[in-house]
Amino acid sequence: MPASDFFVAPIDWSHASDRDACRAVREAVFVVEQRVPIEEEWDELDAVSEHVLARDAAGAPIGTGRLVPPQANGPARIGRMAVLKSWRGRHVGDALLQALVGRAHTLGYATLEMHAQSHAIAFYERHGFEVFGDEFLECEIAHRHMRRRLDGTNDGTT
1 MPASDFFVAP IDWSHASDRD ACRAVREAVF VVEQRVPIEE EWDELDAVSE
51 HVLARDAAGA PIGTGRLVPP QANGPARIGR MAVLKSWRGR HVGDALLQAL
101 VGRAHTLGYA TLEMHAQSHA IAFYERHGFE VFGDEFLECE IAHRHMRRRL
151 DGTNDGTT
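Position 84, counted from 1, in the sequence shown is what my numbering calls 84; the numbers after and before it change by one each time, with no gaps.
Treat the hints with caution; some may be incorrect.
Result set (DMTMM-like, lysine to aspartate or glutamate): computed pairs, CA atoms no more than 20 angstroms apart in a straight line [claimed, not checked]:
| # | residue 1 | residue 2 |
| --- | --- | --- |
| 1 | 85 | 33 |
| 2 | 85 | 56 |
| 3 | 85 | 41 |
| 4 | 85 | 5 |
| 5 | 85 | 20 |
| 6 | 85 | 44 |
Each pair of labels, with its calculated beta carbon distance range [claimed, not checked]:
| # | residue 1 | residue 2 | range |
| --- | --- | --- | --- |
| 7 | 140 | 110 | 30 to 36 angstroms |
| 8 | 17 | 137 | 31 to 37 angstroms |
| 9 | 16 | 137 | 19 to 25 angstroms |
| 10 | 132 | 17 | 36 to 42 angstroms |
| 11 | 102 | 48 | 15 to 21 angstroms |
| 12 | 135 | 14 | 33 to 39 angstroms |
Everything labelled a hint here was simulated from the structure, so no lab data went into it. This structure is a prediction, so every number in the text was calculated from the model and none was measured. All C-beta atoms, glycine included, are put in the ideal place defined by N, C-alpha and C.
Produce the complete structure using the sequences and hints provided.
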């Protein structure tokens, strides 16, 4: 991954320009490409989550993801991972996920979970996530629950 191709950095959701850059990527991937209803794409967790944004060398947004803090006694979650189609297969997703997992380590989270689109399971498995539970539909897209322990232990539920 040449450093000149793209870079990943945390963004501040409260800043309109950062928020709009993430929204542009998520709408292109989820709303337009995958036909997720726009009202399903945006939720109250965006405001409390930590977001990362990948930009190309010219500064255009090309990928994003978020780290949702623990909610209602559940673990932290990674979600809304999206990379523009023209940038897939170029390690943008790897860099986004590494940034989010790194932030979770820094915050001391012991476990991360996610709802991964079923076609992306192998990608997340390469980053240490394990599938648990049955396949389910979310926004009419097949998903699986995935988990990664960050403290080096296995919780015995996988």
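Checked hints:
Between residue 85 and residue 33 the alpha-carbon distance is near 9 angstroms, which keeps this suggested pair within the 20 angstroms criterion. Between residue 85 and residue 56 the CA atoms are separated by roughly 13 angstroms; this keeps the pair inside 20 angstroms, and the hint holds. Pair hint residue 85 plus residue 41 holds up; C-alpha atoms about 18 angstroms apart against a cutoff of 20 angstroms. At most 20 angstroms may separate the alpha-carbon atoms for a hinted pair to count; residue 85 and residue 5 meet this at roughly 15 angstroms.
About 18 angstroms separates the Cα atoms of residue 85 and residue 20, which keeps this hinted pair within 20 angstroms; it holds. Taken as a hint, the residue 85 and residue 44 pair is broken in the structure, with Cα atoms around 26 angstroms apart against an allowance of 20 angstroms. About 33 angstroms separates the C-beta atoms of residue 140 and residue 110, a value consistent with the hinted range of 30 to 36 angstroms. Our hint of 31 to 37 angstroms for residue 17 and residue 137 holds, since their Cβ atoms are close to 34 angstroms apart.
Checked against the hint of 19 to 25 angstroms, the pair residue 16 and residue 137 fails, with Cβ atoms roughly 33 angstroms apart. At about 38 angstroms, the beta-carbon gap between residue 132 and residue 17 stays in the expected band of 36 to 42 angstroms. A C-beta distance of roughly 19 angstroms is found between residue 102 and residue 48, which places it inside the suggested range of 15 to 21 angstroms. For residue 135 and residue 14, the hinted distance range of 33 to 39 angstroms is satisfied, since their beta carbons lie about 36 angstroms from each other.
In this structure, the hints that do not hold are numbers 6 and 9, in rising order.
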